[in-house]
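Chemist: Each chain is listed here by its residues.
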Amino acid sequence: MVSYELFLNYEMCTGCRLCEIACAMAHENTANPQLSRIHILQLEKGSTTTPIPARCMQCGYAACEAVCPVNAISTDPETGSRLIEEKKCIGCSACVGACPFGAATLNQAKGLAYICDLCQGDPVCVRFCPFAALEYVPSDAWTSRCRQSKANKILSARKFSTL
Amino acid sequence: MMNGWVGKILRVNLTKQKATIEDLSPEDAKNYVGGRGLGLKYLYDEIDPAVDALSPKNKLMLATGPLTGTYTLAAGRYTVVTKSPLTGAIANSNSGGYFGPELKYAGFDMVIVEGKAKSPVYVWIENDNVEIRDAAHLWGMDTKQTTSMLLEETDAQAKVACIGPAGENQVLMANIMNDNGRTAGRSGVGAVMGSKNLKAVVARGTKGVTVTDGFRDAVQKAEEGFTYYYVKDYLSAYGTPDVVLFSNEFGILPTRNFQTGVFEGAEKIGGLEIAKYNLRGVGRTKACLGCPVACGRVTRVANGEFESASEGPEYETIGAFGSNCGVDNPEAVIKANMLANLNGMDTITTGTTIACAMELFEKGHITEKDAGMPLKFGDGATMVKLVEMAAQKEGFGKDIALGSYRLAEKYGHPEFSMTTKKLEFPSYDPRGGQGYALGYATTSRGGCHIRAEVHCVEMFGASLMGIIPPDGENLDRFITDGKADVARKFQDYYTMIDSIGLCNFICVSMPDVNHLINLVEAATGVSFDGEKGWMKTGERIFNLERLFNLKAGLTHKDDTLPERMLKEPMPEGPTKGHVAQLDKMLPEYYKLRGWDTKGVPSAKKLEELGLAA
Chain A
0 MVSYELFLNY EMCTGCRLCE IACAMAHENT ANPQLSRIHI LQLEKGSTTT PIPARCMQCG
60 YAACEAVCPV NAISTDPETG SRLIEEKKCI GCSACVGACP FGAATLNQAK GLAYICDLCQ
120 GDPVCVRFCP FAALEYVPSD AWTSRCRQSK ANKILSARKF STL
Chain B
0 MMNGWVGKIL RVNLTKQKAT IEDLSPEDAK NYVGGRGLGL KYLYDEIDPA VDALSPKNKL
60 MLATGPLTGT YTLAAGRYTV VTKSPLTGAI ANSNSGGYFG PELKYAGFDM VIVEGKAKSP
120 VYVWIENDNV EIRDAAHLWG MDTKQTTSML LEETDAQAKV ACIGPAGENQ VLMANIMNDN
180 GRTAGRSGVG AVMGSKNLKA VVARGTKGVT VTDGFRDAVQ KAEEGFTYYY VKDYLSAYGT
240 PDVVLFSNEF GILPTRNFQT GVFEGAEKIG GLEIAKYNLR GVGRTKACLG CPVACGRVTR
300 VANGEFESAS EGPEYETIGA FGSNCGVDNP EAVIKANMLA NLNGMDTITT GTTIACAMEL
360 FEKGHITEKD AGMPLKFGDG ATMVKLVEMA AQKEGFGKDI ALGSYRLAEK YGHPEFSMTT
420 KKLEFPSYDP RGGQGYALGY ATTSRGGCHI RAEVHCVEMF GASLMGIIPP DGENLDRFIT
480 DGKADVARKF QDYYTMIDSI GLCNFICVSM PDVNHLINLV EAATGVSFDG EKGWMKTGER
540 IFNLERLFNL KAGLTHKDDT LPERMLKEPM PEGPTKGHVA QLDKMLPEYY KLRGWDTKGV
600 PSAKKLEELG LAA
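Chains A and B, in that order, give the protein sequences. If you count by numbering that gives the first Met the number 0, then the first sequence holds residues 0 to 162, one letter each, in order. If you count by numbering that gives the first Met the number 0, then the second sequence holds residues 0 to 612, one letter each, in order.
It should be emphasised that the hints constitute simulated quantities derived from the structure, not laboratory data. This one's a predicted model, so the numbers in the text were calculated from it and none came from an experiment. Errors might be hidden in some of the hints.
As the list claims (entries may be wrong) - Simulated crosslink set (DSS-like; lysine-lysine; CA at most 30 Å straight-line): (1) B:Lys267 <-> B:Lys231; (2) A:Lys149 <-> B:Lys275; (3) A:Lys152 <-> B:Lys206; (4) A:Lys86 <-> B:Lys206; (5) B:Lys206 <-> A:Lys44; (6) A:Lys44 <-> B:Lys583; (7) A:Lys44 <-> B:Lys231; (8) A:Lys152 <-> B:Lys275; (9) B:Lys206 <-> A:Lys109.
Bound-form chain A, shown alone:
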């Protein structure tokens, strides 16, 4: 079975926030970036403000899943993402505290945690990103692309004597 992963191309992100709004619309039916599972942070650096996406890292051994006291969090066998069983969730925020990436959040209005679930294998954020900053591709395709790109860079930097 080919495993897919969500990859971020930071150089392509323009900070347009469509991923945030689309995610919130898909999951919560409201255009509210606060309720998105992916966040665009605007960071001050030098002469410009730079957008950096922050999202669930889809851990292989997830801290959120490990700390949940009521076993409300599990792993989707298809996508490898976290799934939260809302009926079990007690809104204790243990997962919120455990995640080193800030990817688990509490929905204050509902009293329930929310974490990226990769939209059952068809991530909405990927669909809406106009700049291909987000991709959902087979892991080895991404890896080989990076290797190839690096190799090409080395090749083009190298000078050859005439043949």
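Use these hints to put chain B onto chain A, whose structure you have.
Modeler: Below, chain B alone, put in the same frame as chain A:
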């Protein structure tokens, strides 16, 4: 519970140090929509248009549209509406970025600022919690420093709209910057904010914008319709600087204070040249909320006399600081742009005012003694110096800070000010197209192209939402026939674009106006009665702006162009020999608008639009 709109207006009274929340009436929402229209409605009802724009009696509206913050394309705009201290007429400046949407997420369709604070303050809006905080420690700081400090004091992910030293000093072309690179640029709206001792408005919202179920389909249709190649390909690649060579090829690139339309140095400051200074790597192109084009970019001059970095310069900036000042050094233009951003000044008015001063100097009406230095066309270093001096009203900068009309008047020759209603023209010489020349003369805020982009059909070959004959049929730019009708239709149409919260560039890229109407109706659940009702709403807002201007003391005599445009034929290039033939179009324009020969809306027209007293 509203959809699209969030249904609340925040009123901040700086004199009383109080913030109150009121409801947005469904009637106002439908009849005035949002942005430019809604801001105008409240301003017209609440102030005497004859009031001094820099007095506490003026009000400042920060108005979003029903689509602002939703997930359709480019839904990031908000509009600043107030009375302009530069023109004395209505001011409506649109801006993109993320600040407008954040106001919606905080739960407000519009913020009204009234009165004047005793000392510098900023307003911090965090959902329903609104504080008026001391800003003494920020007064004097540039817009970038201000934004950084405010993010530290409030929330790292808050959005900031602020003025720079120019706004604080009530420089007549001061603007309001947001998100470190976007601006409500024209008409001196920043000076109004400064006159109220208001340094910034900071917003952070965690609420949402709801829409009806039909919105998903409407967005999909709109996205499928988004095809106009210029916006998708060129703007994405180079941003607006790409237009420089285009204008030069038509012979309408303002050169040396609009003395001619062909600039010998155009290639040196065109899109490709400016692109060489674009920042690379992460964050290299910037998009406003929801925009697939990302026309924003940061340019950087790494070293030398003009070392600088900032978002921009846009086409208009390159025209005003570049060709119009006879400057062919892109680095000087980039630095001038940065200084304008940091100090919070409109680049069009600033650049074209400097150009005006340069021509007055060339003709001997301003001496080296008057200015403290020679003001030669082509002198990039002086051009850059004057930007900073104007922000501080230092030396000759004090004259620049008046805008070109009052400056030229001071030196006895107002005819050298390239303005209508004291608002400097953008970078398209009006002798190049009769339709947009009429647009400049009659647009409510003054000499402006973007309130009715007739130049797009006269030169770009755009069909613009099917309102004008389809793609490929350029209206001959030199004929006057039929232009009155084109101009007024565009003005009404663009009024709607300015009121719904979407970016102009996206709106004009849809082949059918009904895609746009559909989007707004689907978001709000409110019917605008088809294309006819849509245009009528635009017409209503435009006529109310006319009433505002008339009450402010403007007359039909202000619907004109400088002598140069009317009497001096373009001396060279593809537009050679032409003048703007306003007299052939204006009477028909008034007639089509239902205005009398003095440009006053008839009682019949006002009644038809629901504006009867």
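Chemist: When the structure is checked against the list of hints, which entries are broken? Sort them ascending.
Modeler: 3 and 6
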